[in-house]
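Throw the hints in and build the complete structure from the sequences for me.
Line order of the protein sequences matches chains F and C.
Position 142 of the first sequence, counted from 1, bears residue number 141 in numbering that gives the first Met the number 0, the numbering being contiguous throughout.
Position 224 of the second sequence, counted from 1, bears residue number 223 in numbering that gives the first Met the number 0, the numbering being contiguous throughout.
By construction, these hints were calculated from the structure, which means they are not laboratory data.
A portion of the hints provided could be inaccurate.
Said to hold, decoys possible - Below, computed lysine-lysine pairings styled on DSS-like, alpha-carbon distance capped at 27 Å:
| no. | chain 1 | residue 1 | chain 2 | residue 2 |
| --- | --- | --- | --- | --- |
| 1 | F | LYS88 | C | LYS52 |
| 2 | C | LYS200 | C | LYS89 |
| 3 | F | LYS2 | C | LYS52 |
| 4 | F | LYS90 | F | LYS80 |
| 5 | C | LYS89 | C | LYS174 |
| 6 | C | LYS52 | F | LYS1 |
| 7 | C | LYS200 | F | LYS80 |
| 8 | C | LYS93 | C | LYS174 |
| 9 | C | LYS174 | C | LYS200 |
| 10 | C | LYS200 | F | LYS90 |
| 11 | F | LYS250 | F | LYS165 |
| 12 | C | LYS174 | F | LYS1 |
| 13 | F | LYS1 | C | LYS89 |
| 14 | F | LYS1 | C | LYS93 |
| 15 | C | LYS89 | F | LYS250 |
| 16 | C | LYS200 | C | LYS93 |
| 17 | F | LYS2 | C | LYS174 |
| 18 | F | LYS80 | F | LYS250 |
| 19 | F | LYS1 | C | LYS200 |
| 20 | C | LYS200 | F | LYS2 |
| 21 | F | LYS80 | F | LYS165 |
Note that the coordinates shown come from a computational prediction; the quantities given were computed from them, not determined experimentally.
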Amino acid sequence: MKKSLFYSLSAIFFLLPGVLLMLKSVTPVWKWGEAFSFTFTLRGWETFLMDDRIFHALFLSILIALAATFINLAIGMISGKALSHQNFKGKSLIETLLLLPLFLPVMAAALGLHITMIRLGLANTWFGVVLVHLVPTVPYTIKVMKAGYDRLGGGMLEQAQMLGAKPLYIFRTVELPLLMPSIRSAVFLTVTISMSQYVLTAVIGGGSVITLPIIYYPFLQSVDDTVMAAFSTAFALLPIIAVGAVEIVSKLIRANGLVLNRGVK
Amino acid sequence: MKWRPNNKILYPLIPALLFLLFVLYSLVMSFVESVRGPDGWTFEYYRSLFEEKRLYASISYSFFVTFISVSLSLLIGWGIVRSCHSFIEKSVGKWMVWIPMLFPHFVWGYFVLLLLGQSGIVSSALFQLGWLESREDFPILVQDRSGFGIIITYLWKEIPFVLLMLLPVYAQLPKQYGEVIQVLGGSRRHVFSTIEWPWVKPVLVEVLLILTVFIFTAYEVPALLGSSYPQMTAVLAYDWFYGISWDERSYAFALLFLIALVMGLLSLVSFILLNRKRWLISKSQHQR
Chain F
0 MKKSLFYSLS AIFFLLPGVL LMLKSVTPVW KWGEAFSFTF TLRGWETFLM
50 DDRIFHALFL SILIALAATF INLAIGMISG KALSHQNFKG KSLIETLLLL
100 PLFLPVMAAA LGLHITMIRL GLANTWFGVV LVHLVPTVPY TIKVMKAGYD
150 RLGGGMLEQA QMLGAKPLYI FRTVELPLLM PSIRSAVFLT VTISMSQYVL
200 TAVIGGGSVI TLPIIYYPFL QSVDDTVMAA FSTAFALLPI IAVGAVEIVS
250 KLIRANGLVL NRGVK
Chain C
0 MKWRPNNKIL YPLIPALLFL LFVLYSLVMS FVESVRGPDG WTFEYYRSLF
50 EEKRLYASIS YSFFVTFISV SLSLLIGWGI VRSCHSFIEK SVGKWMVWIP
100 MLFPHFVWGY FVLLLLGQSG IVSSALFQLG WLESREDFPI LVQDRSGFGI
150 IITYLWKEIP FVLLMLLPVY AQLPKQYGEV IQVLGGSRRH VFSTIEWPWV
200 KPVLVEVLLI LTVFIFTAYE VPALLGSSYP QMTAVLAYDW FYGISWDERS
250 YAFALLFLIA LVMGLLSLVS FILLNRKRWL ISKSQHQR
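Below is the structure:
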């Protein structure tokens with residue numbers, strides 16, 4: 000009873016909106032008061048993909064999101080490991096402080112950085128935007144990676160070390176494969192959050208870094224619902240594609256023939 | 000001193016500490032910008048900021064929208080997790096919860112507009128069914144002054160967030176203690192107060208703080224679904240930042256810095272209060 004209630008409600012409130020947006024992107028515009036038409040059309044997607052501005056924005060958004068993800072993973076894995084496997088004075092304070100950016104208005108950070116970014120020549124550049132996108136993402140990544148290292152435990156790494164494996168080899172054979180669930184979540188979160196930033200990109204990018212969110216707002220006024228729905232659906236596809244890409248990259252870095260892959264998920 | 004031998008441990012924390020410094024620097028700079036006048040330092044902008052009518056309208060409006068959105072998403076989300084966590088983990092249900100998380104907030108805002116706007120899908124469907132005489136009969140739900148559209152969008156996006164934050168907590172709840180309490184004759188209230196609440200409280204506080212500051216100061220959704228007056232704080236700050244006069248630019252910095260200060264202190268205090276008890280729990284948790 001409870002189960003079927005939960006399933007029907009989440010089908011209506013979570014699944015249906017996604018399905019509806021996708022459906023809307025391949026059907027003609029529904030004029031108010033006229034019967035909904037379900038004639039299949041690719042016009043929305045064609046307009047979306049043929050637009051030069053969108054193509055550039057798509058490329059730039061992916062570049063920014065991937066760069067932010069890379070920096071996030073580097074910071075998150077290095078400090079997550081230290082926070083999980085080391086004990087030192089003031090550890091819980093540092094952990095709390097590292098979460099603090101989540102409890103502050105990101106816009107304050109963006110406005111505060113604006114003048115410094117101009118002085119450093121980073122304002123209006125894609126890398127400046129990457130830096131400001133770190134503010135809402137790094138705390139999550141550190142948290143996720145710390146939890147990952149908590150689950151991994153220190154024993155496995157110590158054993159590899161005792162058997163004479165070099166740090167890089169340990170990373171490829173033990174850490175990377177066993178941390179994949181955490182890495183997946185971190186990548187997903189970072190890409191989704193980076194793709195959701197309008198105001199941070201607008202302030203630091205200053206109108207010359209045109210990402211997908213930046214053109215989403217003016218598009219809303221100028222194009223019809225079919226194109227808008229295609230545009231909207233694309234946002235949801237990007238994090239999924241990013242996780243897939245990271246999966247492939249990690250397969251390449253990982254050492255082959257792992258014993259660890261058996262038994263341990 | 001113990002500092003020296005510990006130095007090695009600190010090296011891996013350098014990137015994270017640099018990041019903290021970066022965030023701290025940005026806040027210091029927004030304070031500096033808020034007190035820098037044409038002829039030196041001044042708190043004049045703070046004084047005249049508090050004489051702005053738009054500020055009070057914006058603060059009370061943002062507070063109203065934030066309070067409703069945060070409390071409802073927490074209550075509903077927590078309620079769902081409490082009654083359904085046993086089967087959501089490891090099921091298709093969990094995948095469905097992820098769907099709204101995939102979309103940025105402004106895309107969800109557009110979806111709410113598409114669905115509930117006066118010329119939206121629901122309004123059109125009701126007309127076709129003959130339940131509406133004209134478009135104007137449909138109530139103005141989005142881009143309205145009461146903030147209904149904004150609240151709906153936030154609820155729709157944040158309830159899944161609450162679910163996904165709380166599910167792991169309930170999955171890790173030490174159920175055997177519950178059995179112990181039952182065997183020893185404790186009531187359900189005992190189970191709640193000795194097991195469930197201490198585990199859930201830190202996460203609830205964390206989610207509460209994240210959602211409060213996010214909704215109070217987010218620009219994307221109110222820019223899309225809000226009306227021109229009153230404005231949410233971020234929209235007002237954005238207007239001021241790109242305003243014509245220097246004064247208004249300083250107001251934007253002052254307003255955001257004040258919110259950052261209040262929220263920062265509030266979260267620090269709540270974490271210090273929580274941590275006292277939390278490390279007792281986490282200590283036993285690590286020594287598995």
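Hints versus structure:
Between F:LYS88 and C:LYS52 the CA atoms are separated by roughly 48 Å; this puts the pair beyond 27 Å, and the hint is violated. A distance of roughly 24 Å separates the Cα atoms of C:LYS200 and C:LYS89; the hinted pair therefore holds under the 27 Å criterion. Note on F:LYS2 and C:LYS52: the hinted pairing is violated, with a Cα-Cα distance of about 50 Å set against a maximum of 27 Å. Proximity of F:LYS90 to F:LYS80 is assessed by CA-CA distance (about 13 Å); at most 27 Å being required, the pair is judged to hold.
In summary, the hint linking C:LYS89 to C:LYS174 is supported, as the alpha carbons are separated by about 18 Å, within the 27 Å threshold. Taking the CA atoms of C:LYS52 and F:LYS1, the gap is about 49 Å. The hint is violated against a cut of 27 Å. Distance restraint check for C:LYS200 and F:LYS80: the Cα-Cα separation of roughly 26 Å lies within the 27 Å cut-off, and the hinted pair is therefore satisfied. Our distance criterion of 27 Å between C-alpha atoms is met by C:LYS93 and C:LYS174, whose separation comes to about 21 Å.
With a C-alpha separation of about 17 Å, the suggested pair C:LYS174 and C:LYS200 falls inside the 27 Å cut-off, and the hint holds. Simply put, C:LYS200 and F:LYS90 have alpha-carbon atoms about 21 Å apart, close enough for the 27 Å limit, and the pair holds. Using a Cα cut-off of 27 Å, the hinted pair F:LYS250 and F:LYS165 holds, with the two alpha carbons roughly 19 Å apart. About 21 Å separates the Cα atoms of C:LYS174 and F:LYS1, which keeps this hinted pair within 27 Å; it holds.
Taking the CA atoms of F:LYS1 and C:LYS89, the gap is near 16 Å; set against the 27 Å cutoff, the hint holds. Only pairs whose Cα atoms come within 27 Å are accepted, and F:LYS1 paired with C:LYS93 is accepted, the gap being roughly 15 Å. Between C:LYS89 and F:LYS250 the CA atoms are separated by roughly 25 Å; this keeps the pair inside 27 Å, and the hint holds. Our distance criterion of 27 Å between C-alpha atoms is met by C:LYS200 and C:LYS93, whose separation comes to about 22 Å.
At most 27 Å may separate the alpha-carbon atoms for a hinted pair to count; F:LYS2 and C:LYS174 meet this at roughly 21 Å. With a C-alpha separation of about 21 Å, the suggested pairing of F:LYS80 with F:LYS250 holds against the 27 Å cut-off. The straight-line distance between the Cα atoms of F:LYS1 and C:LYS200 is roughly 25 Å, inside the 27 Å bound, and the hint therefore holds. Simply put, C:LYS200 and F:LYS2 have alpha-carbon atoms about 26 Å apart, close enough for the 27 Å limit, and the pair holds.
With a C-alpha separation of about 17 Å, the suggested pairing of F:LYS80 with F:LYS165 holds against the 27 Å cut-off.
Hints 1, 3 and 6, counting from the list given before, are not met by this structure.
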